[in-house]
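Residue numbers (this note's numbering), protein chains in the order written: chain A, 1 to 228; chain B, 1 to 238; chain C, 1 to 70; chain D, 1 to 223.
Calculated from the structure, these hints are not laboratory results. Note that CB positions come from ideal geometry on N, CA and C, so glycine has one too. Only true hints are included.
Computed footprint of chain B on chain D; a stretch qualifies when at least three of its residues, placed anywhere within it, have a C-beta under 8 Å from a C-beta of chain B:
#1 157-165
#2 169-175
#3 201-208
Only some residues are given here: those of chain D computed to face chain A with a beta carbon under 10 Å:
#4 Phe79
#5 Gly81
#6 Ala85
#7 Val87
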Amino acid sequence: MTTAIELAGLGRAYGERVALRDVTLTLEAGRTLVVFGPNGAGKSTLLRILATLLRPTAGTVRVLGCALPREAWRARGRIGLLGHDPMLYRELSARQNLRYHARLHGVAPERVDELLDAVGLGARADDPVSTYSRGMVQRAAAARAVLHDPELLLLDEPRANLDPAAAAALEPLLAGPPQRPRTRVVTSHDPAGGLAEADVALGLRAGRPALLAPAAEVTVDEIGALYR
Amino acid sequence: MHGKGLRGLSVATIVVLVGAFAIAAFYAPLDADQGFRQKIFYLHVPLAIVSLVGFIVGGLLAVQHLRSRASIWDLRSYVAIHISLILGVAVLVTGAIWAKTSWGVWWLWDEPTLVSFLIVFLLYATYTPMRFAIEDPERQARYASVFAIAGGAFVPICFGAVRAQEQEVHPQTFGSGELPGPMWLTFLVSLAGMALLFATLYRFEIETKLTRGRLRALRRRLLDDDAPVQRRSAAPTI
Amino acid sequence: MFADTLPGDQGSAYVAAAYLFFLALLLVYLAIMGVRVARMRRELSELEQLTRERRDAPPASEQEPERLPT
Amino acid sequence: MRVLAALLRKELRLELRTLESVPGMILFGVTIFVVFHFGLDRASVEGDLAAGILVVTILFAGMLGLNRLYVADEEQGGFDGFLLAPVDRTWLFVAKAGALFAYLVALELVAVPAFALLLLEPGLGQALPELLLVLALLNAGFAIIAALVGAIAVRTRARDLLGPLIALPLLIPVVIGAARLLEPLLREGGAGGLDATWLAILGLYDLVFGLLSIAVFDPLLED
Numbered sequence: 001m002t003t004a005i006e007l008a009g010l011g012r013a014y015g016e017r018v019a020l021r022d023v024t025l026t027l028e029a030g031r032t033l034v035v036f037g038p039n040g041a042g043k044s045t046l047l048r049i050l051a052t053l054l055r056p057t058a059g060t061v062r063v064l065g066c067a068l069p070r071e072a073w074r075a076r077g078r079i080g081l082l083g084h085d086p087m088l089y090r091e092l093s094a095r096q097n098l099r100y101h102a103r104l105h106g107v108a109p110e111r112v113d114e115l116l117d118a119v120g121l122g123a124r125a126d127d128p129v130s131t132y133s134r135g136m137v138q139r140a141a142a143a144r145a146v147l148h149d150p151e152l153l154l155l156d157e158p159r160a161n162l163d164p165a166a167a168a169a170l171e172p173l174l175a176g177p178p179q180r181p182r183t184r185v186v187t188s189h190d191p192a193g194g195l196a197e198a199d200v201a202l203g204l205r206a207g208r209p210a211l212l213a214p215a216a217e218v219t220v221d222e223i224g225a226l227y228r
Numbered sequence: 001m002h003g004k005g006l007r008g009l010s011v012a013t014i015v016v017l018v019g020a021f022a023i024a025a026f027y028a029p030l031d032a033d034q035g036f037r038q039k040i041f042y043l044h045v046p047l048a049i050v051s052l053v054g055f056i057v058g059g060l061l062a063v064q065h066l067r068s069r070a071s072i073w074d075l076r077s078y079v080a081i082h083i084s085l086i087l088g089v090a091v092l093v094t095g096a097i098w099a100k101t102s103w104g105v106w107w108l109w110d111e112p113t114l115v116s117f118l119i120v121f122l123l124y125a126t127y128t129p130m131r132f133a134i135e136d137p138e139r140q141a142r143y144a145s146v147f148a149i150a151g152g153a154f155v156p157i158c159f160g161a162v163r164a165q166e167q168e169v170h171p172q173t174f175g176s177g178e179l180p181g182p183m184w185l186t187f188l189v190s191l192a193g194m195a196l197l198f199a200t201l202y203r204f205e206i207e208t209k210l211t212r213g214r215l216r217a218l219r220r221r222l223l224d225d226d227a228p229v230q231r232r233s234a235a236p237t238i
Numbered sequence: 001m002f003a004d005t006l007p008g009d010q011g012s013a014y015v016a017a018a019y020l021f022f023l024a025l026l027l028v029y030l031a032i033m034g035v036r037v038a039r040m041r042r043e044l045s046e047l048e049q050l051t052r053e054r055r056d057a058p059p060a061s062e063q064e065p066e067r068l069p070t
Numbered sequence: 001m002r003v004l005a006a007l008l009r010k011e012l013r014l015e016l017r018t019l020e021s022v023p024g025m026i027l028f029g030v031t032i033f034v035v036f037h038f039g040l041d042r043a044s045v046e047g048d049l050a051a052g053i054l055v056v057t058i059l060f061a062g063m064l065g066l067n068r069l070y071v072a073d074e075e076q077g078g079f080d081g082f083l084l085a086p087v088d089r090t091w092l093f094v095a096k097a098g099a100l101f102a103y104l105v106a107l108e109l110v111a112v113p114a115f116a117l118l119l120l121e122p123g124l125g126q127a128l129p130e131l132l133l134v135l136a137l138l139n140a141g142f143a144i145i146a147a148l149v150g151a152i153a154v155r156t157r158a159r160d161l162l163g164p165l166i167a168l169p170l171l172i173p174v175v176i177g178a179a180r181l182l183e184p185l186l187r188e189g190g191a192g193g194l195d196a197t198w199l200a201i202l203g204l205y206d207l208v209f210g211l212l213s214i215a216v217f218d219p220l221l222e223d
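Build the full structure now, drawing on both the sequences and the hints.
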């Protein structure tokens, strides 16, 4: 089994404010890492670094075998990010947005139509995104994130605006094909639900790792303690 | 506080600059048609040259910053531009005074060097507000470097374009062999003095900023104080 | 041609004004820098005072260097 | 090229949907002509005055485009979406400059005839090909500078102020060149020819700043 993510002493500071410090972990390909922690603990910063959008200010990062930020160009296009920001132009329709991303990634346009049906947006695909409900926006954003079938998928609270049925419907897309499951890094505020899907759990507190263990060895109470 | 050689540099600056002004006053011959008023030349032109070179140097230092991403280069670029801006104020004022003595008006649009300098100055006047308007220090450094590189390239282009437009009416075309030997010598000494002044102020400013950074780091360590300090200057923090 | 319109000694006043402006600008700059240096010196003595107080203070916990963030 | 086409298509589609830039630019441009009429108290202009008014109007109307150029990307995650794709970042600069060039052409399609109708004495017919060439060079220079400066300004507080403040000094050589080239074209009683020197200066400026912008654009996109 290959290593998908390798972090050693990773840190990120915004000037004098340190958002993340001393994160060291490895994640095997195909596994899911769930990151817990209160708001401002550095979860989103970690995801943005893994997505090559943010340069680390300390430590080393290897993602999909590429050292960041030097070899970021080799990792790009193999990583998908579903963040708080849907990264969709509000005035364009879901189909236009996805077609645009498909062209950037060199993906066939048929894949766009497939995905729109898969996330249940087929009927509304040609309406501007600004007319969508938040759940629909989130579904369109999820389709955007997996458009290029990324090996590594980074999900920032992916179920935030979804009802349980929609979340369940998205799950196979986000997990990837059963024979080749995606490597995933997911942030979560839901101790029980998060632990259930995790292989490895990471707890962050004020930018420092407070907990790092295989999910099987972590209890829900330990996660809850992070928020106290 | 006294960085290596800063004291020697300061002394050399004072000696050369005062010496330059002294020989400008007493040794350099009176200009045939400008008379005593031409003496502003030994102040205005070296100031302008040093200030413009400072802007260009700021651009080159910014290239280094984008290459290495080390914030010390951003600090150097910032300080070079900062000093050039201060000297630039003197360039514009002395230029206006010179225009007044030579042509009887405070400003002359036919004077290409003065006009180009004004354009360059207006551009760089936005450098500091731009830095202030960007919160994240790392991004601020990057954007400032892009600005400094574009500005540094713009300086010679602007002078070329404006000079091509206007008729040359500069009272002294130096370098064309018209300038008598003693005047030329005085000018060179003044230029050297001004360059030394720039170097001194540059070093002084850098040392101050670095010391301030170390002081702040010390304070943070001692007080375990993570609160960001309120920014009073647009200078990068090291 | 403009030169004739101005009396000679008025010209020297302008020259003096130019040099004086330059000098004044330099002095203002140095004064500002002086204020900054003075402020830094004040801060430094504050911190010195603080370290002295901490060294004299008995509680052991305050002296632990591990407590300081690295 | 595939990337450039995708970006340009997105850009123009977004503009067609929202109509945030071009109509405002056109209206502003035409209004400025009216303002000039009253400000100068002239029924008609020609020569250097006409050249100046035309260039300044295009410049100011273009500033509206500069201010809007990156706003949708900044506010709706467009930068991140683009950065995640395995493509050369320079294309974004080229696409933005291209889009702005198109907006300026749209502006001029209305504003230049309006100028001829409202203020210009000699009429446009006498040197139309030359006029189009100069306007193209002016647009290119503006689009290049604005695409660079806009990327800086959009990530600052007070972006609407900083963008024009930084861009205007950088554009002065373009203004000088375009105005000098337009002056003989708009002269009353027969147009003069184009001055080859000014043409070269303007073209060179566009080229140099185009290459320079491409060289320094990447660091503006990182977070």
